[in-house]
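> In case you want the letters, here they are:
2 protein chains.
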Amino acid sequence: MNYKERAKALVAQMTLAEKCAQMRYDAPAIERLNVPAYNWWNECLHGVARSGAATVFPQSIAMAASFNPQLMEQVAVCISDEARAKYNEYRKFGDTQIYQGLTCWSPNINIFRDPRWGRGHETYGEDPLLTGVMGAAFIKGLQGDDSRHRKLDATIKHYAVHSGPEGKRHSFDAVVNEKDLWETYLFAFKYCIDHADPSAVMGAYNRINGEPACGSKTYLKETLYQKLGFKGYVVSDCGAICDFDQHHRVTETPIESAALAVNNGCTLNCGDTYKWLKAAVAEGLISEETITEAVEKLFEARFRLGMFDEDCVYNSIPYDVVECSRHQEINKAMADESIVLLKNDGILPLDNTKNIAVIGPNADDKSILLANYNGTPTEYYTLLRGILEASKGKVLYAKGCHIFDDEIHSWQEQPLREALIAVQKSDAVVMVMGLNPSMEGEEGDAYNGANSGDKSDIELPKTQLKLLREVKKIGKPIVFVNVSGSCVNLTEADTECNAVVQVFYPGAMGGKAVADMLFGVTNPSGGLPVTFYAGTDDLPDFEDYSMDNRTYQYFRGKPLYPFGYGLSYTEFRINVKSSSLKGVEAVVKNIGNYDGKCLVKVYVREKGNSRLNRRLAGFSKVFVPRGEEAAVNIALSRDVLSLFEDSSRLEIIVE
Amino acid sequence: MNYKERAKALVAQMTLAEKCAQMRYDAPAIERLNVPAYNWWNECLHGVARSGAATVFPQSIAMAASFNPQLMEQVAVCISDEARAKYNEYRKFGDTQIYQGLTCWSPNINIFRDPRWGRGHETYGEDPLLTGVMGAAFIKGLQGDDSRHRKLDATIKHYAVHSGPEGKRHSFDAVVNEKDLWETYLFAFKYCIDHADPSAVMGAYNRINGEPACGSKTYLKETLYQKLGFKGYVVSDCGAICDFDQHHRVTETPIESAALAVNNGCTLNCGDTYKWLKAAVAEGLISEETITEAVEKLFEARFRLGMFDEDCVYNSIPYDVVECSRHQEINKAMADESIVLLKNDGILPLDNTKNIAVIGPNADDKSILLANYNGTPTEYYTLLRGILEASKGKVLYAKGCHIFDDEIHSWQEQPLREALIAVQKSDAVVMVMGLNPSMEGEEGDAYNGANSGDKSDIELPKTQLKLLREVKKIGKPIVFVNVSGSCVNLTEADTECNAVVQVFYPGAMGGKAVADMLFGVTNPSGGLPVTFYAGTDDLPDFEDYSMDNRTYQYFRGKPLYPFGYGLSYTEFRINVKSSSLKGVEAVVKNIGNYDGKCLVKVYVREKGNSRLNRRLAGFSKVFVPRGEEAAVNIALSRDVLSLFEDSSRLEIIVE
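Note that the protein sequences, when read in sequence, are chains A and B.
For reference, each letter of the first sequence is one residue, going 1 to 655 in the numbering used here.
For reference, each letter of the second sequence is one residue, going 1001 to 1655 in the numbering used here.
Just to be clear, a hint being listed does not mean it is correct.
[Claimed, not checked] Straight-line C-alpha distance at most 16 Å; calculated EDC-like pairs for lysine to aspartate or glutamate:
{"#": "1", "chain 1": "B", "residue 1": "K1008", "chain 2": "B", "residue 2": "E1018"}
{"#": "2", "chain 1": "A", "residue 1": "K392", "chain 2": "B", "residue 2": "E1379"}
{"#": "3", "chain 1": "B", "residue 1": "K1354", "chain 2": "A", "residue 2": "D320"}
{"#": "4", "chain 1": "A", "residue 1": "K589", "chain 2": "A", "residue 2": "D541"}
{"#": "5", "chain 1": "B", "residue 1": "K1392", "chain 2": "A", "residue 2": "E629"}
{"#": "6", "chain 1": "B", "residue 1": "K1394", "chain 2": "A", "residue 2": "E629"}
{"#": "7", "chain 1": "A", "residue 1": "K354", "chain 2": "B", "residue 2": "D1320"}
{"#": "8", "chain 1": "A", "residue 1": "K394", "chain 2": "B", "residue 2": "E1018"}
{"#": "9", "chain 1": "A", "residue 1": "K394", "chain 2": "B", "residue 2": "E1379"}
Worth flagging that the hints you see were computed from the coordinates, not collected in a lab.
The task is simple: from the sequences and hints, build the whole structure.
Pasting the structure below:
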């Protein structure tokens, strides 16, 4: 029997009440059928999360900046190894608790359409193709390649048109036109379904054009299942079903909410609204057959994961893989490739025998390594620690200011003067500034209560700008390292500093990676996965889901640093040999003084389309030793090309 | 002219208003007299505090556990070098802000009479002689030995009879009898004044037998100045003068409060109540002469510190001393000697090739290294990091539980299971448990709002006991490392674990020191500076300042671990050669297998005195290589002996 048949046979023995209970994320045991309890909720956004020790890779936005899907897949293989190793141990205790299972509610493939969204750093940025490619690589690494069993279930989220505001997410109606829906918001969902077959989709909290995402006939039943051909199961975001009657007010009762969700294909409930399903059957709002089909899907997934088989190949993954040295090496490699060099007047790489002042509130902060949805690394390197261990000169550290609070009471430490002394005593200054995950995050997580985790603007906190200006007056060369999960206005840093480096939340090896990059042990190769705007005034209304004037595709202004931008210590020359809609053949020559990886991007532009600037259609990263050259072939994404009605109007840009 | 004469000559040129302003901690400049502004408030409890990078030594209670006043004086020399180095740099900027000056409001020599007092870890414990000896060593190291200038002003605090409750400190009346006052509460103040000549005394917030400490005729004017012969200046605790009329209600107006304080010898005001002094003169509550004398004292101190001299020897201390390697070595040595081994069934020292599970909420917490009134270390070792770097086996880390919160929501990480897996995979377990500075601290600093920083009991948090019990069930050998600044009831740890180690907040090198101790690179030699009681029920009413039934001197019950207790990896035999009230001569033989330091304590007991168990009269720590012996001569403290009317009734105990 295949998994579908085994599921059918098992579910056929269940009562209606038992079936309804199996549709809750915390599904109880059915002892007479030898079905153990199972908690479907697990997370592995950038490493096994909330389950103790784990390799903590760079946050998603940072991994997107690597533009390296091959490395991304390796990362995901490490993650699924660690998740399986943990599952195997938990099973020995008979444990079936939260964050112990095989069904991971990752990745987040929403489009980071506005830099103010607090959860934007969980995504792969603003480009649909980059998001799709990185998402698909991640899913493949999670789900494995065994012919019999799936390694983990990946869950693409949040379906759909979901990117803030956090504070309104339980009642928000995201109004979107068809063009933006397909070109931007659904693109990566379709891409991942077509190319990586994710087991699951998580429905979003918000409504889409009036229909709640987790119970939408138009967007769930008719779009996800029918148009996109999705074959897996759908889990609701946590509490999203009770939002129908309590906040969206599209239903009157939780009974109606449960029925609406399941009737439109929301298979599993994170929350407890599905306890009303039995009543919904009694009231005639849903058929038992629909419930049976949903439960069959869930058990098909559990069978496919090998939960009921003793011969699953993944059962032998040992606990030793957790944080093993190989995983740490891959983690470091990803952190290396995620760093984006934005400006360099030649000060970088730094001479590691010089005395360096390391200044700023993010220099010795562990939280910026971890971002959110993270595990607990046993060993980790803050940027300060990384620089300390790599430097042969003296390192003078001073925090300089609070990360955002500019009020200093008369009895409190005055951190500015200390920082200026350190600067004065140094040959060069590394300022480690930016945001932290308490300033941008999920509703309920982040400090900025008024915004529920969203940012009110994209400016550097005033207290940091003051510190920069005072440090600048001392007159030493400054490397400005901005740590954040999103675009920050770096205009002043760009003007005032000798070098500017963007570090997205870089994971447990972050400090080592940044130090190696600063001292030239590694050569930066990351590119921006989001536009870096020159100010908050450049942004449209946060609540407007039109893509007009948003992201590099549609922005009508001039960004400070564009999407895809990123410098190297070496110089590359790209010679395009041939270029057509089938693909680009080019030779990349390294004419600089360092070995390095070159990120080649291929965009298409549509003649006569004044709305669209250009759109990424392919990319590749190639290593070229100095003085040497390498051939690169980049196929243009058919998923992208198919968005354009008349391909003869397309122009190709290689850079 | 000597400093007194220079001060007199300068102050003679000041108007009354100018003089009154100089009595505030934030004294303004008097430009026509070339007097720069000066902020008197600086802190250096266990390293230069609140002024950025500094060597962060173990917290005071930990340094007391070393029972090593010679090492303590070395620590204080490091601290005063760093404070001077910083002062020299700040001066170049013309800075005169808080935490930049030469007048340090350290040490805290209050008696840690009750383990619930949140600030107890700032002290040297419960014994008056140990407190006096460690305090005097600290003062000497701070104030320097230059014949012309004082290096720093040390300030002994809080005078007097001050040890909680924190929440009531602004209105509390500490009621004390004469015997306890002199034998316990004033002993260390007298000892430090007699043996180390501290420049300053800080008055306490509380009243003593009805009189506010900072304005007490009986205890300030007649006792501190007249009976104890103190010649320096007195600074009020911050806001303590306004407490007179606002909270103690012993005066009607701030004008009366200011007058009462200065008339009884409170020279300097931390706060702003002395702005009323001019009005107090106008109202006839205080004479200008009294004010003049106070200001002369303050300027004598500033002259003595070399603030107005260019040839001060300390002006040349370079900034390089801050966190220099020599200071780190002394820091490590102090951390080594501050660790107290309480139980060892032979499991310690651990074999560093074995796999070790490091479990507990304090394992990777930086805050427990720093305690309070601390600087910012550039490099620091959590206990986890220390063990990781010292171990040659695998280290499995799991937090296991929150430090105190036992509520885990359904969507939160369940840290227990992860810990049990780590334990199961290990050869031995190091549990790093206890308290942190958010659970015991100063009013306004600590989390436990209801208690304003005090502890409500001495028990381990329930969530930690649960973790211990679950770990125990796995059956691996357990080393229980309790980190706290005070006595915690370790009864269950003592019963259930193979070894128990007390680590008082150990400073930036704490993790290295603990790892070296666990693996036998060092041999523990600390002794408890406080009694470790077997439960909260053993404690008298917290607000009762009678010493009856408190501390090892008067406690009528059986402690879990007594004052002075501490094991070694080796075995010492102490042969007393002679013993009299003049002193004890003994030979210490190391008959064990490790080199080590032996802490020899000499107590006196008074025949027929049923109230007093015994009292420390001398101690010495001596290094003895294994198989060798060393002579030790311990003079009995005359300060202690003089407390007993009939010395013929005294018995001497050596241990």
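> Now tell me if each hint is right for this structure.
Status of the hints after comparison with the structure:
no., hint, in the structure
1, K1008/B <-> E1018/B, "holds, 14 Å"
2, K392/A <-> E1379/B, "holds, 15 Å"
3, K1354/B <-> D320/A, "holds, 15 Å"
4, K589/A <-> D541/A, "violated, 43 Å"
5, K1392/B <-> E629/A, "violated, 44 Å"
6, K1394/B <-> E629/A, "violated, 44 Å"
7, K354/A <-> D1320/B, "holds, 15 Å"
8, K394/A <-> E1018/B, "violated, 45 Å"
9, K394/A <-> E1379/B, "holds, 12 Å"
In this structure, the earlier hints numbered 4, 5, 6 and 8 are contradicted, and the remaining ones agree with it.
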